Amino acid sequence: MKRSVKEIADLVQAQLSGDGAVEVTGVASIESAGSGDVVFVEDEKNLPNALRSGAAAIMAGEFASNVADSKPLLICDQPRLAFARVAQLLATTDPVAGGVHATAIVHASAKIGENVIIEERVVIRNGAEIGAGSRIGAMSVIGEQVRTGRDCQVFPNVTVYPQTSMGSRVVIHAGTVLGSDGFGYVRDRKTGRYEKFPQIGRLEIEDDVEIGANCTVDRGALDVTRIGRGTKIDNLVHIGHNVQIGEDVVIAAQTGLSGSVVVEDNVVIGGQVGIGDHARIESGAILGSGSGILSKKVVRGKGVVFWGTPARPLKQYLKELAALARLAKKD
Amino acid sequence: MKRSVKEIADLVQAQLSGDGAVEVTGVASIESAGSGDVVFVEDEKNLPNALRSGAAAIMAGEFASNVADSKPLLICDQPRLAFARVAQLLATTDPVAGGVHATAIVHASAKIGENVIIEERVVIRNGAEIGAGSRIGAMSVIGEQVRTGRDCQVFPNVTVYPQTSMGSRVVIHAGTVLGSDGFGYVRDRKTGRYEKFPQIGRLEIEDDVEIGANCTVDRGALDVTRIGRGTKIDNLVHIGHNVQIGEDVVIAAQTGLSGSVVVEDNVVIGGQVGIGDHARIESGAILGSGSGILSKKVVRGKGVVFWGTPARPLKQYLKELAALARLAKKD
Amino acid sequence: MKRSVKEIADLVQAQLSGDGAVEVTGVASIESAGSGDVVFVEDEKNLPNALRSGAAAIMAGEFASNVADSKPLLICDQPRLAFARVAQLLATTDPVAGGVHATAIVHASAKIGENVIIEERVVIRNGAEIGAGSRIGAMSVIGEQVRTGRDCQVFPNVTVYPQTSMGSRVVIHAGTVLGSDGFGYVRDRKTGRYEKFPQIGRLEIEDDVEIGANCTVDRGALDVTRIGRGTKIDNLVHIGHNVQIGEDVVIAAQTGLSGSVVVEDNVVIGGQVGIGDHARIESGAILGSGSGILSKKVVRGKGVVFWGTPARPLKQYLKELAALARLAKKD
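Residue numbers (the working numbering), protein chains in the order written: chain A, 327 to 657; chain B, 327 to 657; chain C, 327 to 657.
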């Protein structure tokens, strides 16, 4: 889509300096920017590169407010954020035709909202509801009674087990499995064999959640697994049964949350973190990549970084690492 | 399905106290139990909550044998186990119609047993055999010469490479890949390039195995990868080529077993454990979450917990952690 | 396919001792070799077993050059490598019929090369190009403008996001997702909510790359994620956006590379390794399984093994482990 720099400045509430009539069609990095591209600069030292680049316009912080250049500048408080919004705005719509593809199998009892796109070979089972403006990717299987809100996007080859619900604007990347059985067994003391504990609860995903590719999120055993509004989850993450995740939580790739873990709002979790069952990560805590939280542990501290296994406050952990290095040197 | 409490007591060999005519239709947690639900209590201190709950009936241990209440009580030796069996008993059957779906592509040479359900778009290749009562989920691809026993359940979007065999009552969750090529290459000393070592063996999965979502289990390089009877595997687990896993083993999420690892019967492996190639975990050992076992290492000790990387007996590891914390404090 | 031992000796440039007319049809391990099989021996002490085995012929190193036996021997410099090549040579071709399967949905603008096999239910979107001799597995989804070179093999249930390109002879195992959105968000300082940073770059995979099952490889955010020629990647590996991987790199299962990581040529990375964003692993370094590399860290040392979190040279790490064990004993 084509927009003038003036239109863009208005839309993201930036202060425009330079020619507002310049037209832009996309966003790019400074290194690869072409003549229709917007770039952004967060750090003053990168401004000269942006000015020298092939870009049509530059979004920058206050530090650039007195710069005069042939390229129009859009000065704003959070240039990275404004850039992200402009990218969204300029994104070209996908050329695939809308509607329900002829090869999709949609159960007669399923409710399909307005302007929904159901791609090739999708299976939608009885009682499912797909909210207006949503798109379900090719080959995905949407189980019985699954519900999505408005404007969701499910990529191809996703499997959604029955009864899972999603809010609005939820994005699920390819290959992810939602609502699978949790890992719960009871061992018969007489035979030594494991028998399956019922995994008959549900999975609820709230608005604006994004989940990466090839993740697995289990339904509750008897009750509900919940992922709160605005939470963002990277690829290959495992979320066990009965887990409760709050709002605006970030979880990087390959992290695993065991059953019944509670993660409160605004927690940041690095990659390959492991959290034992029934642990609680309190609001605003930060778990460094690769750290391990023991079962039932409570981790507390807004803005405090924890690291290691078992996870300790970062400062303490670094002291221990340093002490160990000194000790080994002495020996 | 509806059952009287008396019927249930008989089926799980519980001692009934109270009105045996009460009818139940499902199971639930104490918190969410409604008027047709059975709940269970393993720990005496939770009994008052169960009695106050909306449940129709309670399964409990011996400690409740003298309790008199308006709710019927089912006293049994292993209440959690009995509850799991009652859940199985009351589970409603899935409403999807049986038989081979019109959109499935089943090779003329494939043998499909009685009462098999083949869901939408399944591909079953030549020479495959699906045992009586099994169900293959939508979009799954069953390769040449794959064999399943009776009453298996393969969820959607599963890929089974050729020649894989499964016993009876095997459950494979969505997105899992069975029998893929192992990770074996030979480096040419002259060119420095890697060439593929043959990955032409098979994968054999024995009776009553359950494998979670988005796992990967590789075929043997030249011989067989084997998963023994009753073993339970969580989501996103990786099993390398030539691995031999015994019976009644439990493996939690995101754990990885490198090539040629041997895991004997009754081993318990936590989440995110890594086991190096050719290691052997002997019968009954327990590997704590996140621990790492070196290549060729033998881990021995029935009921002994190992932890850390490289994994040590838990007691020793905890002593080391404590010593390190003290050392850091002193410095 | 049937070949004489003499033909094989010529093809892999081995020195033949014994009856060159013996015919072989496959390869096997020493333990399971049958009458048409070739086996190999790298280590002199295994030669007696090979001679006693059911094999038809033996590939061995120089140490066997003076052995006289009823079985023909093929003496070569790199017997494991020669064995791998013979396996390739003898591999039977797959019986599935060629061409585009009737159930595949191929966009009119897509270009399909000669001798391509498109399996059941594949979706190929507009502008895609599949190079001559390539095979696309059942249920896979090939996005808009995706390009593959010659003789690629994509297994079933793979999702390739738009614009991804592959060179020639690339192998992608089942369930893998290529070109998915990277994990990039901008937090609005005013609302505390995360908004999506554009993930509109591409993924480029060079010749002779093999990627295992259920992996995830993200596209660049604004530019390109790249995997260099000859690199081999195991199952369940995560490659973040903007990552640059060199040539002939080996990455074992469940390892994760965060955004913008650089891995130079000939690096060897064990399983379950985590590499923080913007780290650089220089040419020829070796990262032990389970080790963790901090963000922005530069790891340097051809042939040097690094281990632990944060990763240190192996020698130093082992000294630290020993010092800690001694300290705990003293306490």
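FYI, nobody ran anything at the bench for these hints, they're computed from the structure. Values in this document were obtained by computation on a predicted structure and should not be read as measured data. Treat the hints with care, since some could be wrong.
Each pair may be met inside one copy or between any two copies, as identical chains are not told apart.
Said to hold, decoys possible - Here are the simulated EDC-like pairs of lysine to aspartate or glutamate, each with C-alpha atoms no more than 16 Å apart in a straight line:
#, residue 1, residue 2
1, LYS645, ASP657
2, LYS656, GLU368
3, LYS328, GLU532
4, LYS558, GLU532
5, LYS328, ASP603
6, LYS645, GLU446
7, LYS516, GLU470
Comparing the hints with the structure gives:
1. Taking the shortest alpha-carbon separations for LYS645 and ASP657, only the inter-copy value of 9 Å comes in at or below 16 Å, while the best intra-copy value is 19 Å.
2. Taking the closest pair of Cα atoms, LYS656 and GLU368 never come within 16 Å of each other, the shortest separation being 46 Å inside a single copy and 43 Å across copies.
3. Proximity of LYS328 to GLU532 under the C-alpha cut-off of 16 Å is found in neither arrangement, the shortest distances being 33 Å within a copy and 34 Å between copies.
4. Proximity of LYS558 and GLU532 under a CA criterion of 16 Å is satisfied intra-copy only: 11 Å inside one chain copy versus 31 Å between copies.
5. In this assembly of identical chains, the alpha carbons of LYS328 and ASP603 never lie at most 16 Å apart, being 51 Å within a copy and 34 Å across copies at closest.
6. For a Cα distance limit of 16 Å, the shortest separation of LYS645 from GLU446 qualifies neither inside one copy, at 56 Å, nor across copies, at 58 Å.
7. In this assembly of identical chains, LYS516 and GLU470 lie within 16 Å of each other by CA distance neither inside one copy nor across copies; the values are 37 Å within and 40 Å between.
Checked against the numbered hints above, the structure violates hints 2, 3, 5, 6, 7; every other hint is satisfied.
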